[in-house]
Amino acid sequence: MKRAGLLACFCAALCAQQFKFDLDQLASKASDVVDLSLNGSTLQFAAKFLDSKDPDEAKVKKLIEGLQGIYIKSFEFKKGGGYAESDVQSVRAQLRAPEWSRIVGVKSSDDGENAEVYVRNEASKITGVAILCAAPKELTVVNIVGPVDLDSLAELGGHFGVPKLQNAPKK
Amino acid sequence: MTGFADATGTGCDFDALVREHQAMVFSVALHFLRDRALAEEVAQEVFLSLHRNLGAIQSASHARHWLRKVAVQRAIDEGRRRKRQAVVSLSELAEPAAGDPQGDPMLGETLRRLVGTLPEAPRMVMILRYQEDLDPSDIAELMNMPVSTVKSHLQRSLALLRQKLARRGLGEI
Amino acid sequence: MDWLEQELREALRRQEPSPDFLERPRRAHVLPMRRWMAAAAVVLAAIGAGGAMREYQGHVAKERVLLAVRIAGGKMNRIQAQVRGVAQ
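Residue numbers (our numbering), protein chains in the order written: chain A, 4 to 174; chain B, 26 to 198; chain C, 100 to 187.
It is possible that some hints are incorrect.
Result set (SDA-like, lysine to any residue): computed pairs, CA atoms no more than 25 Å apart in a straight line [as the list claims (entries may be wrong)]:
no., chain 1, residue 1, chain 2, residue 2
1, B, 94, B, 139
2, A, 32, B, 108
3, A, 110, B, 108
4, A, 81, B, 145
5, A, 140, B, 107
6, A, 140, C, 165
7, C, 161, B, 76
Here are a few chain C residues that sit away from chain B, every Cβ distance over 12 Å (derived from the structure) [as the list claims (entries may be wrong)]:
no., residue
8, 112
9, 154
10, 155
11, 156
12, 157
13, 158
14, 159
15, 181
16, 184
Covered stretches of chain B (chain C as the covering partner; in silico rule of three or more C-beta atoms under 8 Å from a C-beta of chain C) [what the hints assert, rightly or not]:
no., segment
17, 48-55
18, 77-87
19, 95-101
20, 155-169
21, 177-191
I should point out that these hints are in silico values taken from the structure, not numbers from a laboratory.
Keep in mind that this is a model prediction, so the values were computed, not measured.
Note that CB positions come from ideal geometry on N, CA and C, so glycine has one too.
Chain A with its partners taken away, still in its complex shape (with noise of 0.2 Å):
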C-alpha cells in the first residue's frame, strides 16, 4: 500500500510536466545551465510571499494562480555547435501530440535564433504552453502547466524591474 501510494507520487511528479525534456546531457557542455523545476505546490507556497504591493510581483502573483508546474532548462555554450539538431527534435516530436498546436514559429535573422510557442489544449481550454528557442548559442525549453495567460506572461517579460522604451534609442 505504502509503495503503491510512492509509486503514485513518483508518477505524479513525472506527469506533472507535459513533455520529456531530456537534454542534461547538454550540462557538460554547456557554460551556463538554469534547470528549474517548479511544481504547483512551490508555486502556490512562492506566491505567499509574494508582494502583492509591488506592481510586478502582484503581477506575477496574478499570472502563476491556478498553474501547476513551471519548467524550464536552458544551456548557453561558449561556441556554436553545443546542442546537436536531434536534441531540439526529440523536444519537438512530443509537441506533435494531438493535443498540443503550434500557434507561433519565427526565425530572427539577427542572431539566427529559432523560437516556437506550442498550447495544449483539453476540452478546448489552454491547459499547458510550451516555448522552444534554439539559437547557434542557446537552448531554452519551457513547459508552463496549467492555464497561462500569454500576453500577461509576454508583458511581464518585456518590462521585468525596467520600464519598456517607448521608441527607439537615438544614435
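Since the structure of chain A is provided, determine the placement of chains B and C on it from the hints.
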C-alpha cells in the same frame, strides 16, 4: 508599461537618461570585459539600479557621474567574478561590432586587446582617461584612489603599450 | 597628446549596445548561490528555527519563481515583438 516620464517629479526622465548614457555605460563595460554580451548585461544592471534610485538623482550632471561610478564598479565586480570562474583566452574575446572608420583598424583592435590585458586598476584608469576623457583627479575620485596612483597607472600603461606595439612592428614611424 | 594617446582615444571610442539590450532577460546566478543557501538551510534546521526556516524557504521559492517568469516572459516578449515586426 508605458514610458517612464518624470515619475519622481525631479525632472528625471528615465528613458532620456538611458538614451543619453547607454553608450557610455555599455562601453566602459565592453572595453573592460571585452565581451559584448556580458557588457550588455552589466549595462542592464546599471540601468536597473538607476531605476531603483531615480528619486536620489539631483541633476543631469549628478546622473552622469552616478552612472559612470556604478558602471565602473559593476564592470570591475563582473571581471572579478569571471576571473574566479574561468580563464578566457584572447582568441575567445568578442570582437567589437564596429571597426575604426579612421586610422589603422588593425592598430585599433590591437590597442583594445592590449588594454584588455592590463591588470584591473590600470585597465579601468586607461578606459576612463581615453574613452571618457577624464582628468586624473576625476578618475581618482571615481575609483577611490590617490591622484598619484592614477598618474602612475597611466604612465606605466602607456610605456607598456609602446613597448608591446614596438615588438609587433606597430606604432609611429 | 601624442600619437599613441590619439590612437587610444580612437580605439576606445564609445559604442552603442544592441537596441533591445534593456529588454533581454538577465540570468540570476542561481547555481553558485545554491551552496551557501543549502548550508544556511542546514544551520537553520539544526538550531530548530522553524519559522525562520519557512521564511527562508519561501524567499528562495519566490526568487526561483521570479527567475522562471523572467526567462519565460522574456522569451515570449521577444517572440511577440518579432511577430509584430513581421506583421508590419
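Okay, the hints, checked on the actual structure:
1. B/94 / B/139: It holds: about 24 Å lies between the C-alpha atoms, which stays within 25 Å.
2. A/32 / B/108: Status holds; Cα separation ~19 Å.
3. A/110 / B/108: violated (35 Å)
4. A/81 / B/145: OK: residue 81 of chain A and residue 145 of chain B at ~23 Å, within 25 Å.
5. A/140 / B/107: This hinted pair holds, its Cα atoms lying about 19 Å apart.
6. A/140 / C/165: Since the Cα atoms of residue 140 of chain A and residue 165 of chain C sit roughly 24 Å apart, the hinted pair holds (cutoff 25 Å).
7. C/161 / B/76: holds (22 Å)
8. 112: violated (7 Å)
9. 154: holds (23 Å)
10. 155: holds (24 Å)
11. 156: holds (26 Å)
12. 157: At roughly 23 Å from the nearest Cβ of chain B, residue 157 of chain C sits farther out than 12 Å, so the non-interface label holds.
13. 158: Residue 158 of chain C is indeed farther than 12 Å from all Cβ atoms of chain B, at 19 Å.
14. 159: holds (21 Å)
15. 181: It holds; residue 181 of chain C is separated from chain B by about 19 Å at its closest Cβ, greater than 12 Å.
16. 184: With a cut-off of 12 Å, residue 184 of chain C remains clear of chain B, as the shortest Cβ separation is near 20 Å.
17. 48-55: holds (count 5)
18. 77-87: This one is violated; 0 residues, fewer than the three required, reach chain C with a Cβ under 8 Å.
19. 95-101: violated (count 0)
20. 155-169: holds (count 3)
21. 177-191: holds (count 4)
Taken one by one, the earlier hints fail for this structure at numbers 3, 8, 18 and 19, listed in ascending order.
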